[in-house]
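Student: Read off the chains here:
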Amino acid sequence: MSALLEIRDVSKTFGGVQAVTRLSLDVEPGAILSVIGPNGAGKTTLLNMISGFYHPDGGRIALEGEDITRVSPSHVARRGVARTFQNIALFKGMTVLDNLMLGRHVRMRSGVLASFVYWRLAQKEEVAHRKRVEDIIDFLRITHLRRVPTGALPYGLQKRVELGRALSLDPKILLLDEPMGGCNHEEKEDMARFILDVNEEWGATVILIEHDMGVVMDISDRVVVLDMGQKIAEGTPDEVRGDSDVIKAYLGESKAPGNGGVRG
Amino acid sequence: MIHRECGVLKTTYEADMALYPLPIARWAVGGFAVLFFLVLPFSVHEYYLSIVNLVSISIVGALGLNILVGYTGQISIGHGAFMSVGAYTAANFAVRLGLPWPVNLLLGGLMAALVGAVVGVPSLRIKGLYLAIATLAGQLIIEWTINHVTFISGGVQASIQVPRPELFGVPIASQRQMYFLLLAFVVVALVGTMNLVRSRIGRAFIAIRDHDIAAEIIGINIFRYKLLAFAISSFYAGVTGVLYTYYLGIANYEQFQIVTSIDYLAMIIIGGLGSVLGSIFGAIFVTLLPILIRYAMEGFGGLVFSQGAVLNIIPNLRLILFGGLIIFFLVVEPEGLNRLWRNIRNYFRLWPFAY
Ligand SMILES: Nc1ncnc2c1ncn2[C@@H]1O[C@H](COP(=O)(O)OP(=O)(O)O)[C@@H](O)[C@H]1O
Ligand SMILES: [Mg+2]
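Top to bottom, those sequences are chains A and B. The numbering of the first sequence is our numbering, which starts it at 1 and goes up by one. The numbering of the second sequence is our numbering, which starts it at 1 and goes up by one.
These are calculated hints, taken from the structure and not from any lab test.
Calculated pairs, SDA-like style, for lysine to any residue (alpha carbon to alpha carbon, straight line, at most 20 Å):
{"#": "1", "chain 1": "A", "residue 1": "Lys124", "chain 2": "B", "residue 2": "Val197"}
{"#": "2", "chain 1": "A", "residue 1": "Lys172", "chain 2": "A", "residue 2": "Trp202"}
{"#": "3", "chain 1": "A", "residue 1": "Lys92", "chain 2": "B", "residue 2": "Asp210"}
{"#": "4", "chain 1": "A", "residue 1": "Lys92", "chain 2": "B", "residue 2": "Arg198"}
Covered by chain B, per the in silico footprint, the following chain A stretches (three or more residues, Cβ under 8 Å):
{"#": "5", "stretch": "77 to 85"}
{"#": "6", "stretch": "99 to 108"}
{"#": "7", "stretch": "122 to 133"}
All of these numbers come straight from a predicted model, not from anything done at the bench. Where is the CB? At the ideal position from N, CA and C, for every residue including glycine.
Starting from the given sequences, assemble the full structure and let the hints guide the process.
Tutor: The following block contains the structure:
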């Protein structure tokens with residue numbers, strides 16, 4: 001077994017709150033893995049540990065065999081892990097184009113001197129990467145928004161631009177924290193389509209946190225269920241749907257997963 | 001229709017990403033080139049050129065400080081001291097080793113960059129007011145060091161005379177010759193800064209300023225880039241110090257005290273944070289205002305105040321005005337004079353259809 005991402009026994013507490021407890025998880029290359037669970041289950045904390053914002057109190061995280069348990073977020077990004085945030089972290093004053101060009105930061109090389117001179121080296125690089133960014137802009141169908149400052153965009157489109165910025169990194173692994181949260185039905189469908197396409201055509205492995213069970217069951221290869229920081233179930237969508245623990249965990253919240261619309 | 005965006009079709013990314021995509025802007029640049037290279041230097045008295053030269057030097061320093069403060073969002077009250085590091089480094093190499101001025105200039109810039117980066121180390125942990133105080137401490141420590149280490153400062157007066165710079169064997173003696181030398185530096189600093197802020201490094205700076213968490217997640221090493229911003233900005237400061245030294249013919253720490261740090265902050269705040277054009281406006285404004293005040297007070301101050309009082313009022317009036325303007329622009333118009341300019345420009349962009 002050579003998992004792309006290997007998570008072993010990671011735990012994280014915040015001043016007495018056990019956010020994640022001895023969690024292990026293997027992510028296979030090419031998969032779409034969804035992480036579900038009620039609010040406060042520790043889903044975001046898990047992503048934060050993978051992307052290097054938090055370092056686990058114990059346990060180990062390895063990316064393609066390299067231990068990344070205690071490295072910085074920028075290091076994880078350079079290794080090809082891109083991410084979006086639950087509550088959108090775009091550069092609001094910058095245009096869509098600039099946000100996506102920034103997404104390519106780790107793929108670009110120009111240093112201070114080349115940038116200062118611009119002519120030739122930096123210009124060539126800018127143009128080459130601009131082309132890649134334009135591809136992504138086309139793919140996301142936001143060509144008409146290129147020059148718009150992202151702060152001026154409606155919520156659903158901001159989510160889409162943030163996905164675009166993550167895609168600009170040419171990620172091996174894409175971490176998406178509730179990319180459809182707060183979106184309307186149509187926006188959710190678009191987003192689900194984008195995620196599937198990214199996974200199929202560009203081969204990016206996706207870890208998705210999402211509350212909409214319809215979407216999760218539709219597009220995931222595997223589903224992991226967290227509750228109070230612990231993994232209570234893992235398997236294919238069908239396996240998870242029938243799991244009694246999962247139904248129990250969700251009972252207090254609303255209704256069984258699979259019927260869609262479980263929020264929490 | 002040369003001044004409008006609509007109707008100008010861009011067919012390549014190179015053209016789309018050009019510094020001056022609009023024909024009118026290119027015409028304006030050409031016009032300014034003619035003005036500053038051909039008209040101004042040959043139509044203005046040497047004395048006025050000496051003032052223009054001061055403005056030129058300030059532009060280089062203001063651009064540098066704006067990279068750090070305006071674009072990267074880090075504060076520095078140590079730039080006066082970084083200038084002195086450049087000045088004394090160059091002066092020492094000039095006098096002790098007799099190195100030519102371009103080499104001294106480069107060494108002065110590099111030394112200032114190094115010192116600036118060291119002073120910038122706390123920026124990883126602290127922000128805003130605390131960073132301001134840390135850099136202020138840097139300013140004071142550097143001032144003290146230059147003053148007390150005679151190896152650096154060259155003795156009692158803490159000042160070192162430098163030989164006149166030469167270009168192709170011709171010594172640069174007149175203000176007119178100095179004007180062309182400084183103009184070249186202004187052009188290089190200007191174009192370089194515009195390039196920097198529109199490509200990878202500058203975008204990373206702006207990202208750190210706007211949203212440091214997002215910057216990290218896309219792979220920008222915050223610490224490295226903050227230090228880089230300090231280093232680049234201090235390099236400009238060092239070069240500014242060296243240019244000033246050659247302009248005066250002497251390296252003197254009194255030119256690079258806290259007041260100087262404040263003056264440069266005033267330039268970029270009044271001119272416009274995070275704006276190249278704003279740096280120029282600010283440098284012009286802050287350099288010329290005290291001179292205008294002096295003329296005005298010497299000319300008309302006697303009508304209201306006694307002659308002795310006028311001499312006292314001049315330096316204080318300057319401080320009051322700068323202080324007031326800084327507060328005004330910080331509170332009312334954070335984008336500075338550059339904003340006023342943009343409003344005018346945008347008005348004409350769509351003229352005569354003002355919708
Ligand atoms: N930075 C933090 N400081 C303190 N507590 C935190 C922090 N981040 C998360 N937590 C706590 O950890 C638990 C899990 O949170 P989170 O991972 O955000 O849950 P989810 O994303 O599944 O809704 C919650 O109880 C939350 O309050
Ligand atoms: Mg969450």
